[in-house]
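One letter stands for each residue in the lines below.
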Amino acid sequence: MLELSNVSKRFGGVVATDGVALDVRRGEVHALIGPNGAGKTTLIAQIAGDLSCDSGAIMFEGADVTRAPQHERVRSGLARSYQITSIFRRFSVLDNLALAVQARSGSSFSFWRPVAAEPALANEARALAAQIGLAGREEAGAATLAHGEQRALEVGLALATRPKLVLLDEPLAGMGPEESQAMIALVERVRSEVAVLLVEHDMDAVFRLADRVSVLVSGRVIATGLPAAIRADAGVRKAYLGESAAA
Amino acid sequence: MRRYATAAALVLALAFPLAAPESYYLSFASRIFVYALAATSLNLALGYGGMISFGHAAFVGTGAYVSSIFLAEGVASAWIGWPAAVAAAALAALVIGAVSLRTRGVYFIMITLAFAQMMYFLVNSMKAYGGDEGLTLPARASAGLGVDLGSDAVFYYVALAALACAVYGLHRLAHSRFGRVIQAIRENEARAEAIGFPVYRLKLACFVIAGAAGGLAGVLLASHGKYVNPNVLHWTQSGTLMVMVILGGVGRLWGGAVGATAYLGLEDLVANHRVEWIASVFPNYQQHASLGVGAVLLAIVLFAPQGIAGAFARGRRA
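So the protein sequences, as listed, match chains A and B. Per this note's numbering, the first sequence starts with residue 30, numbered consecutively. Per this note's numbering, the second sequence starts with residue 964, numbered consecutively.
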């Protein structure tokens, strides 16, 4: 459903992504791993539309979205979450989620009627809060949430757009073991409905969740395959796994 | 509580012309309403939308000039001149916003300032309409329907109604779908786009609404003094409106109105009410009212960064 060909991005003299080819199939959890600075976050930003492509093409659901603005990609079912939590901090949990629901249901060029008169928005936001484990925290201000709760809301905002493919950029960043398990369980719950492209450093999570794994090193995909094959791949071990095992 | 305070203020405002008919203070109060409307419109863009526009005078000025030009050309009906002036201000906001909103941060501040200054020099060179001397109007526009806009009391009520509509409109807007998104964009623009909002178009719509309301303030401003000159578009005018918003409360419903009242009230107090003990130390202090305004602004920014309206709201909660 997602197909990248020859996608590149350079920042001045630095090549961040360099001719990336990658495909994500319907129904799969596809993990993208690689050492720090490999270009994973840049690639996510290019797929989502935060960053433009210097070359190459991005096809989503058979349509060329290479030049489509980000909000149009979101509307066609391609949403992302951020490695560095990016939520509406002065809004409550419920309002955060209701906003994302509003973004995909109906026009936002409605200037007079109060949002409070649309219980459908709040109801769906409440269901989403329960799904991401924030039931009972709906009225809390987003800024007052604990780190793990903020990460859940971060991912929840992406899921609230009801994507067909969600790009999760290090959802486990900075999480303790318990919070990590809750996040992994969340991905397990939604994977039947939405394909996932998962960037993650936690190898336990990667090998538990992923149907396929791609390895990005210095802006290039050096291998794609089943988790077992990637684990056994000598080049990958040298470039990445051995390194992190030694560290 | 807020509801009662609003109702009380409205009753006082409605009764005021009965207490002080055709006085200096009636005209002064009308002027406050007009500036309150202008500041409220800026607060929509600046406080709610997070767009730090340093060129709001361009829209106030467009409204003032276009409505005055209609009168100068002999079109006396307010029903033609006023909507046309508001539409012109909206159009100016559409064009300026479409270009400016492609920039961020300090560039946005500078480019809106540059546009407003361009328009300032443009009207300065319009010799047919007074150039730098401005345009004196023979009379206020006529509204028909037995409403005599020429009467200061009637004008007072028109300005009050315009302000009341603007504040109520802002209240409705702030709680609408559009208002929620605009405030979300102010909080986190990148994420608003990333959950599927067409951020640029939404900001532009907000900017145009603010510009149109600013245009209405300009119409009333020119009508109030039966005079308009290029200074209405000068950058200091934009700065004054910003100061009013900051004084009153950025992103607060009543921020613009409270700020305009405080600013103009303070200015009037310093200029027209000589305090002997200050005068004995600073003999010319009354010519430097802006110094006093500056000191108050400094105090607000330091001690009540939410503005006067914000400080009241906090006090009530505490």
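In short, the hints are calculated from the structure, not lab data. Don't take every hint at face value.
Stretch by stretch, here's where chain B covers chain A in the computed footprint (C-beta under 8 Å, at least three residues) [unchecked claim]:
no., segment
1, 92-104
2, 210-222
3, 234-246
4, 260-266
Derived pair list, reagent style SDA-like, types lysine to any residue, alpha-carbon separation capped at 25 Å [to be verified]:
no., chain 1, residue 1, chain 2, residue 2
5, A, K193, B, D1115
6, A, K193, B, G1107
7, A, K193, B, P1161
Just so you know, even glycine gets a beta-carbon here, dropped at the ideal spot from N, CA and C.
Right, here's what the structure says about each hint:
1. Here the segment 92-104 of chain A counts 5 residues with a CB under 8 Å from a CB of chain B, which clears the bar of 3, and the coverage holds.
2. Under a criterion of three residues with beta carbons nearer than 8 Å to beta carbons of chain B, the stated coverage of the segment 210-222 of chain A fails, only 0 such residues being counted.
3. For the segment 234-246 of chain A, the stated coverage by chain B is not satisfied: 0 residues place a CB nearer than 8 Å to a CB of that chain, which falls below the threshold of 3.
4. Beta-carbon proximity to chain B at under 8 Å applies to 0 residues in the segment 260-266 of chain A; the threshold of 3 is not reached and the given coverage is violated.
5. The straight-line distance between the Cα atoms of K193/A and D1115/B is roughly 63 Å, outside the 25 Å bound, and the hint therefore fails.
6. For a cut-off of 25 Å, the pair hint linking K193/A to G1107/B is broken: about 59 Å separates their Cα positions.
7. Under the criterion of a C-alpha separation no larger than 25 Å, the hint pairing K193/A with P1161/B is consistent with the structure, at around 20 Å.
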